[in-house]
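Model the placement of chain B on the given structure of chain A, informed by the hints.
If you're matching them up, the sequences are chains A and B in order. Per our numbering, the first sequence starts with residue 1, numbered consecutively. Per our numbering, the second sequence starts with residue 1001, numbered consecutively.
Keep in mind that the hints were calculated from the coordinates and are not lab data. This one's a predicted model, so the numbers in the text were calculated from it and none came from an experiment. Ideal Cβ positions, reconstructed from N, Cα and C, are used throughout, including at glycine. It is possible that some hints are incorrect.
Pairs of lysine-lysine residues, derived as DSS-like cross-links and limited to a Cα-Cα distance of at most 27 Å, are as follows [claimed, not checked]:
id: 1; chain 1: B; residue 1: Lys1091; chain 2: A; residue 2: Lys183
id: 2; chain 1: B; residue 1: Lys1091; chain 2: B; residue 2: Lys1231
id: 3; chain 1: B; residue 1: Lys1002; chain 2: A; residue 2: Lys95
id: 4; chain 1: B; residue 1: Lys1231; chain 2: B; residue 2: Lys1297
id: 5; chain 1: B; residue 1: Lys1091; chain 2: B; residue 2: Lys1064
id: 6; chain 1: B; residue 1: Lys1188; chain 2: B; residue 2: Lys1074
id: 7; chain 1: B; residue 1: Lys1023; chain 2: B; residue 2: Lys1002
id: 8; chain 1: A; residue 1: Lys95; chain 2: B; residue 2: Lys1045
id: 9; chain 1: B; residue 1: Lys1091; chain 2: A; residue 2: Lys172
id: 10; chain 1: B; residue 1: Lys1307; chain 2: A; residue 2: Lys172
id: 11; chain 1: A; residue 1: Lys172; chain 2: A; residue 2: Lys68
id: 12; chain 1: B; residue 1: Lys1297; chain 2: B; residue 2: Lys1307
id: 13; chain 1: B; residue 1: Lys1064; chain 2: B; residue 2: Lys1188
id: 14; chain 1: B; residue 1: Lys1074; chain 2: B; residue 2: Lys1231
id: 15; chain 1: A; residue 1: Lys95; chain 2: A; residue 2: Lys68
Pairwise CB distance ranges, derived in the manner of DEER restraints [said to hold, decoys possible]:
id: 16; chain 1: B; residue 1: Thr1003; chain 2: A; residue 2: Cys156; range: 29 to 39 Å
id: 17; chain 1: B; residue 1: Lys1297; chain 2: A; residue 2: Pro197; range: 41 to 51 Å
id: 18; chain 1: A; residue 1: Cys156; chain 2: B; residue 2: Pro1140; range: 43 to 53 Å
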Amino acid sequence: MPKHSQPSPTGTTRRTFLMTAGSTAAAAAFAGHTATGATASEGQGSAAGPDGPMIEGAVAITLRINGKDRQLRVDPRTTLLDCIRETVVLTGTKKGCDHGQCGACTVHVNGRRVNSCLTLAVMNEGNEITTIEGVGTPDALHPMQAAFVACDGYQCGYCTSGQIMSAVALLKEPCGADDASVKELMSGNICRCGAYPNIVAAIQQVRKPG
Amino acid sequence: MKTFEYIRPANIGAASATAAQSKTAQQGADVRFVAGGTTLLDLMKLNVETPSRMLDINGLPLDKIEAAQDGGLKIGATVRNSDLANHPTVKRDYAVLSQAMLAGASAQLRNMATTAGNLLQRTRCMYFRDTAMPCNKREPGSGCPAINGANRSLAILGTSESCIATNPSDMCVAMAALEATIHVQGAKGVRAIAFGDFHLLPGSTPERETVLEPGDLITHVTLPPPIAGSKQVYLKLRDRASYEFALASAAIVLTITDGNISRARIAMGGVGTKPWRAPEAEAALVGQAPNQANFAKAAEAALRGAKPRSENAFKIELARRCVAHALSMAAKA
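Chain A extracted, bound-state conformation (with noise of 0.2 Å):
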């Protein structure tokens, strides 16, 4: 698994030129009603935080993200998902279809895996949410993401964070020793590029270490 984006000589990372490039362009096409602000980063919170500029019918929540409170504002059709990504700034947890059939976006909500792109974050208020960057960090990798780095479980890496959130909540779920039982708990995370044998080995290797 690669460390987190390397800095370049400049300072800006491929995702902080995106995101800066993308609202420049926004403030440019809607000047005056742009709500993502350009110097937003992983983790911190932005414009659709308690400071920023109102959003119309938006109502404050607290959600509690990887052990950490969170007061934010959201309209109520924001999804978990879209929350994470859009208004928390953790991007770790990807959008695939949107519509609860990939498994892109799987995370844990009190402990047990739920696709964050089927629940309104008004709905979480209260709940204990684990995304991908609260089971693990680049220095002190959770041993299933150990595994999913030895076993070669992923080529483009997209439905990677999703794989293994929901590998780590089926190590706590009734599943039967073999490799069929793990395919069918596992069968509600796509991986586009095939990678399913070396997922599947990977999650073996930590449920029977050795």
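Frame of chain A; chain B shown alone:
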């Protein structure tokens, strides 16, 4: 997605009273209850459902699985599918329900989806889900392109000239075979609805899928006391091995006494416009020996009256074999 007001009702009475202000509890309801959100939010993103008020019932005391007074089981409306499927009593006494639920959706969705939500799961018919297309269920009177269109996954039993949409639930098929009862708190008080009476055939009003009226909140489902010695199987046939809707499925609850079948309950999924109980097949088995010839006769009876369309005639034979094979699996269980 259309804007809506998000409300957490203080209690069941308040939830029911607010929902009673909706013109309908069916397609296009102005007020919707939300618990898991797995069907409703999906359809709201597609603008198929456009409620102006969302009542979040997750805070209401409807999340318990308890022994019922008659020796059966009481299942709360917001019990998650995964909790119900893995409950020790369900695994032991109502195995067909556990098997059906674990055959449905994905582990993530089962952690979200609820008992009551699954009862109200909507069809996967592509025309219903696409607001650019006509659909009598979504827009009454607009027509049904499925009847002469892409209907491979659609129903062959209980259809009408207005609608051939399949009920997609696995849980409901098992509950039909177990003869569950649905309990509702409505504007005029509480009432109990036999499972077979809950879902409606499309007829000329496919927008009306259940007997629910504005203000009706499903509070729980009860299962009758377990049938001692019954053999139970859920068999699901689909295009891929997991995480796919049924092309045909069968829920079997079979009792064999002194070498002959003394009681049979059979329901089918993936083939009907509602969870499809097959009383003719059940009657054909009672008093008979549990053998392949009798299972085939029962399967034949179960599909009598099936009406194929341009792409789904294969389902008739598939469902016959599904029922016959599930019966033989149950007999050996």
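For each hint, the structure was consulted:
no., hint, verdict
1, B:Lys1091 - A:Lys183, "21 Å, holds"
2, B:Lys1091 - B:Lys1231, "12 Å, holds"
3, B:Lys1002 - A:Lys95, "21 Å, holds"
4, B:Lys1231 - B:Lys1297, "19 Å, holds"
5, B:Lys1091 - B:Lys1064, "16 Å, holds"
6, B:Lys1188 - B:Lys1074, "22 Å, holds"
7, B:Lys1023 - B:Lys1002, "18 Å, holds"
8, A:Lys95 - B:Lys1045, "14 Å, holds"
9, B:Lys1091 - A:Lys172, "18 Å, holds"
10, B:Lys1307 - A:Lys172, "46 Å, violated"
11, A:Lys172 - A:Lys68, "23 Å, holds"
12, B:Lys1297 - B:Lys1307, "19 Å, holds"
13, B:Lys1064 - B:Lys1188, "24 Å, holds"
14, B:Lys1074 - B:Lys1231, "21 Å, holds"
15, A:Lys95 - A:Lys68, "23 Å, holds"
16, B:Thr1003 - A:Cys156: 29 to 39 Å, "36 Å, holds"
17, B:Lys1297 - A:Pro197: 41 to 51 Å, "44 Å, holds"
18, A:Cys156 - B:Pro1140: 43 to 53 Å, "45 Å, holds"
The structure fails to meet hint 10 from the earlier list, while all remaining hints are met.
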